[in-house]
Amino acid sequence: MDRFEKISSQGKMNVTEIWRDRETGVLYLFHKDGYAGGLTPLLDKDGKPVVSCPEYS
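Residues in the sequence shown are numbered from 1342 upward in steps of one, following this note's numbering.
Calculated directly from the structure, the hints in this document are not laboratory data. Treat each hint with caution, since some may be false.
Said to hold, decoys possible - Pairwise CB distance ranges, derived in the manner of DEER restraints: (1) Asn1355 to Cys1394: 26 to 32 Å; (2) Arg1363 to Leu1384: 15 to 21 Å; (3) Asp1343 to Asp1387: 27 to 33 Å; (4) Val1356 to Val1391: 15 to 21 Å; (5) Lys1353 to Asp1385: 27 to 33 Å; (6) Met1354 to Asp1387: 17 to 23 Å; (7) Lys1386 to Lys1353: 16 to 22 Å; (8) Asp1387 to Lys1353: 30 to 36 Å; (9) Gln1351 to Tyr1376: 18 to 24 Å; (10) Asp1387 to Gly1352: 18 to 24 Å; (11) Leu1384 to Arg1344: 28 to 34 Å; (12) Lys1353 to Gly1388: 31 to 37 Å; (13) Lys1353 to Cys1394: 15 to 21 Å.
Here a beta-carbon is modelled for each residue, glycine too, at the ideal position from N, C-alpha and C.
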């Protein structure tokens, strides 16, 4: 089983995706533009990681 699961994706050349860590429930934003890309956790208004499942929060 893969640890991360893709939740959503949009774009072809400039790709933006949301990934979920199956072990922690934390959501991550991935963005790729050409040969550059980056991954960062999604944060709520208090600066805490966004968790997608109640059992992880």
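Each hint, compared with the structure:
| no. | hint | result |
| --- | --- | --- |
| 1 | Asn1355 to Cys1394: 26 to 32 Å | holds, 29 Å |
| 2 | Arg1363 to Leu1384: 15 to 21 Å | holds, 20 Å |
| 3 | Asp1343 to Asp1387: 27 to 33 Å | holds, 30 Å |
| 4 | Val1356 to Val1391: 15 to 21 Å | holds, 20 Å |
| 5 | Lys1353 to Asp1385: 27 to 33 Å | holds, 30 Å |
| 6 | Met1354 to Asp1387: 17 to 23 Å | violated, 34 Å |
| 7 | Lys1386 to Lys1353: 16 to 22 Å | violated, 32 Å |
| 8 | Asp1387 to Lys1353: 30 to 36 Å | holds, 35 Å |
| 9 | Gln1351 to Tyr1376: 18 to 24 Å | holds, 19 Å |
| 10 | Asp1387 to Gly1352: 18 to 24 Å | violated, 29 Å |
| 11 | Leu1384 to Arg1344: 28 to 34 Å | violated, 20 Å |
| 12 | Lys1353 to Gly1388: 31 to 37 Å | holds, 32 Å |
| 13 | Lys1353 to Cys1394: 15 to 21 Å | violated, 30 Å |
In this structure, the earlier hints numbered 6, 7, 10, 11 and 13 are contradicted, and the remaining ones agree with it.
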